[in-house]
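**Student:** Using the sequences and the hints given, assemble the complete structure.
Below are the chains, spelled out letter by letter.
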Amino acid sequence: MDSITRRKFLVTSGVTGAGALAAGMTAYSVNDILATAGERTETTGPDSKTLVMITLYGGNDSLNMIVPFADSAYHDARPELAYKDTEVLKVSDSVGLNPAMKGMHRLYGEKRMAIVRSVGYPKADRSHFRSMDIWHTANPNQPGNTGWLGRWLDTVGGDPRMAVSFETVLPPLLAGALSAGAVVGQNGVRLPKNLPLKTVSALGQAAAGESILQARAAACFADLANVDTFIRDVRENDEAQAGQAQARATGTGGGSALNNQLSLVAQCIEAKVATRAFSVSLGGFDTHADEKAPHQGLLGILDRSVTAFLDRVSKTEQGKNVVVAIYSEFGRRVRANASDGTDHGAAADVMLLGHSLNGGLYGEAPNLKKLDDGDVKYSTDFRDIYATLSEKVLNADPARVVDGWKGRLNGLFA
Amino acid sequence: MSMAEREKVAHLLRRATFGPTAEEVDEAERAGYQATVDRLVNPPGADGAPAAPVLANLNKDQQIQRITDWWLDRMVATAHQFPEKLVFFWHGHWATSVEKVDSAPLMMQQQNVFRQLGRGDFAPFVKAMLRDPALVLWLDGQRNTKRAPNENLARELMELFTIGIGNYTEADVQQGAKALTGWTVNRGNGTVKLEPSRFDSGEKTILGQKGKFDADGYTDLLMAQPATVKFLADRLWFRFASGERPAPEVVDRMSKAYGANRDLNALTAAMLRDPAFPATRGQLVKQPTEWAVGAMRQLGIRPSSFNDADRKALRDGLNGMDQLLFHPPSVGGWPDGGAWLTTSSVQVRLRVAELLVSKAAAPAIEKLNAAPEQGRMEALARLLVVDMWTQRTRQALSEQAKDARRLLALGLISPEYCVH
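Chains as they are written, first to last, in my numbering: chain A, 1 to 414; chain B, 1 to 420.
Source of the hints: derived by calculation from the structure; they are not laboratory data.
Do not take every clue at face value.
Said to hold, decoys possible - Now the stretches of chain B that chain A is said to cover, found in silico as 3 or more residues with beta-carbon under 8 Å:
1. 11-23
2. 278-285
3. 295-301
4. 390-396
Stated by the list, open to error - Below are the DSS-like pairs computed for lysine-lysine, each with C-alpha atoms no more than 30 Å apart in a straight line:
5. B:146 to A:84
6. B:146 to A:292
7. B:193 to B:60
8. A:292 to B:100
9. A:102 to A:315
10. B:60 to A:292
11. A:370 to B:146
12. B:256 to B:8
13. B:312 to B:367
14. A:315 to A:392
15. B:193 to A:292
Cβ atoms here follow ideal geometry from the backbone N, Cα and C, with glycine treated the same way.
**Tutor:** Following this line, the structure appears as structure tokens:
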């Protein structure tokens with residue numbers, strides 16, 4: 001999917017495709033989500049789980065995140081980039097976490113983190129945009145126009161508040177055929193000084209004969225009536241740090257203030273909102289040169305944000321049922337390029353975290369002596385993970401969500 | 001001339017300029033559609049735009065702010081609106097961010113390539129871009145050597161800049177990267193140089209052709225691909241005409257105009273003249289820059305007359321709407337369409353509208369006040385070049401018709417104004 005069809009994807013993805021949705025499915029405020037507070041217990045039972053998908057945009061160098069420090073092939077292929085055994089945070093006698101991942105190392109020790117090795121799909125695509133679309137749609141052959149969580153949303157009635165993104169733009173994974181998740185901006189609703197609220201909100205009404213886009217533009221006003229400063233205090237200084245770490249990457253999308261996004265998710269979970277799936281993101285992973293330090297910086301942001309989030313929500317009963325999944329569109333080439341960076345690769349490790357899962361290492365470690373055109377070969381299909389999350393976290397039949405995919409990640413949940 | 005004709009030229013001007021004034025629509029209506037296209041594509045006379053900004057004695061951040069303010073001012077002021085809008089298009093096409101390039105002079109140097117070559121033959125334009133220090137730094141071209149090629153530039157050159165995904169293989173990326181090896185960037189004087197010792201002079205196989213290709217040879221291969229003009233037509237249509245893909249016959253017509261000389265000026269003229277173009281009304285969301293610059297043109301104000309605090313407020317506002325010039329979020333370019341329409345962006349839009357209206361020049365306000373109260377919505381539509389208000393907006397805004405500035409701000413945020 002090129003960037004043009006990728007954009008068309010958003011337009012045709014049900015966000016604006018279906019008539020009912022022209023009324024602005026994506027225009028929600030945090031208040032609307034919080035208005036469902038307490039509904040969780042009533043509708044889906046107190047033990048129902050919540051999924052938090054964290055998308056790392058730009059192609060995360062998995063080999064320097066989950067480091068095969070004992071493998072000489074790793075050191076030979078990237079002498080300047082490789083981490084030594086004395087630097088990594090060991091989780092076994094051959095695997096260690098990046099030195100920046102202290103919090104996750106603790107969670108791993110507490111058996112709350114699972115690492116699935118060498119995850120990918122057949123015929124790896126090395127374009128950022130197409131590979132990300134494959135991950136979003138769960139369809140490597142022909143990325144269609146629905147995301148896997150959007151299809152799940154379709155099956156549970158299509159209320160956008162069930163699947164929420166705190167990014168600025170609707171991520172394709174939340175676009176269903178009939179419905180789409182809600183995109184909630186990070187700014188609290190702040191009204192202008194001199195314009196009357198009543199008039200501004202009146203612009204949110206539907207009008208006859210409008211183009212689809214104009215109807216969407218109108219729908220954005222509908223929420224302004226719910227004035228609140230709910231999230232004004234959430235902002236923290238993560239943004240500046242992220243900015244620095246990303247300065248040397250080619251932009252390929254994704255958010256920067258992961259900490260802010262996860263703080264909002266935490267508030268929603270604490271309020272027992274109806275939302276079952278959240279999407280957040282971190283960009284900046286497309287480093288092709290001198291990447292060791294900025295990559296470590298990004299992993300530090302990821303580590304601190306995720307650890308703080310899990311520690312916070314774990315204080316509540318419902319928070320113990322949260323499952324976090326962290327993935328990127330691809331890993332990087334095993335061999336470094338001459339610029340102390342790595343080019344686009346193929347399979348990579350996926351991390352899953354939460355109280356309710358069985359921590360540990362899953363799947364086959366990357367075999368650096370048997371590569372796919374210089375890249376790590378996949379041994380676990382990413383749809384095994386999606387199907388498992390669909391079944392065990394969202395309690396949904398993978399038939400419709402992941403096109404009847406039969407594979408599963410066994411042992412992840414009791 | 002019928003109302004439909006006026007709406008047709010108004011549509012043309014809304015898309016081909018940053019936002020026309022009522023007087024510009026009057027003039028276009030008198031001249032007719034075809035003559036207006038001629039004037040847009042080959043504008044007569046001087047552009048009357050401000051000269052390049054002076055960057056001496058400023059620190060790096062101040063320089064970046066200065067070129068941002070300058071470009072916004074230029075977009076408002078230039079009489080050569082369509083060429084300026086093409087510069088903005090190419091900025092989004094080659095989507096280079098100062099975040100990584102880290103130099104205002106290099107961003108200006110890149111913009112000069114857009115100005116000088118962005119309306120001519122596509123081949124020398126691409127060749128110049130492969131020697132553009134900002135693009136080379138953005139995609140790590142200076143780190144791409146014979147010893148270990150760096151694929152970033154070669155991949156995006158094919159995927160995003162020339163032929164589009166699906167028209168090349170992974171092997172083409174790897175071989176293409178070799179053709180682009182050896183370039184070094186001198187940040188100090190803004191030059192690039194080919195270091196023979198870093199260049200892979202050996203044979204490559206790219207897109208089925210064998211040869212000892214270098215950057216220019218590789219570019220020529222790309223230029224010979226039928227996919228190139230289709231890709232360009234698609235991208236142009238997407239930003240100037242519609243979020244819907246152009247029909248094959250539209251692409252065919254545009255391709256013919258582009259021709260064997262790869263004529264970008266003819267390509268864009270063919271787009272504006274295409275019979276399908278007038279039917280694209282309502283199919284684009286104004287990008288935040290287009291929205292703000294168009295509003296300033298219609299309100300008769302220029303950023304160069306703002307004080308520092310207001311200039312900063314304007315930049316912050318555009319940033320809050322996710323479109324700060326020189327900072328595209330991704331090598332894939334700016335967001336588009338429905339992606340701009342979120343609750344959070346509406347709030348920022350409201351604040352920027354208030355800022356701009358507070359500065360509106362007297363004539364704009366007088367034009368509204370001169371209309372009788374029940375005719376204010378028509379006067380507002382003329383000022384903002386909106387074809388028609390919905391009953392919803394007419395009703396909501398009529399209640400505020402007494403206060404001209406308030407009415408203007410509401411007009412600027414209205415769905416009818418934000419989508420065109």
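**Student:** Each of the hints needs a verdict: does it hold here or not?
**Tutor:** A quick look at each hint next to the structure:
1. 11-23: violated (count 0)
2. 278-285: holds (count 5)
3. 295-301: violated (count 0)
4. 390-396: holds (count 6)
5. B:146 to A:84: Since the Cα atoms of residue 146 of chain B and residue 84 of chain A sit roughly 28 Å apart, the hinted pair holds (cutoff 30 Å).
6. B:146 to A:292: 22 Å, holds
7. B:193 to B:60: 24 Å, holds
8. A:292 to B:100: 16 Å, holds
9. A:102 to A:315: 20 Å, holds
10. B:60 to A:292: Given that 30 Å is the threshold and the Cα spacing comes to 26 Å, the pair holds.
11. A:370 to B:146: 25 Å, holds
12. B:256 to B:8: Holds, at about 24 Å.
13. B:312 to B:367: Answer holds: residue 312 of chain B to residue 367 of chain B is near 29 Å, not above 30 Å.
14. A:315 to A:392: 22 Å, holds
15. B:193 to A:292: 27 Å, holds
When held up to the earlier numbered hints, the structure conflicts with 1 and 3 and fits the remainder.
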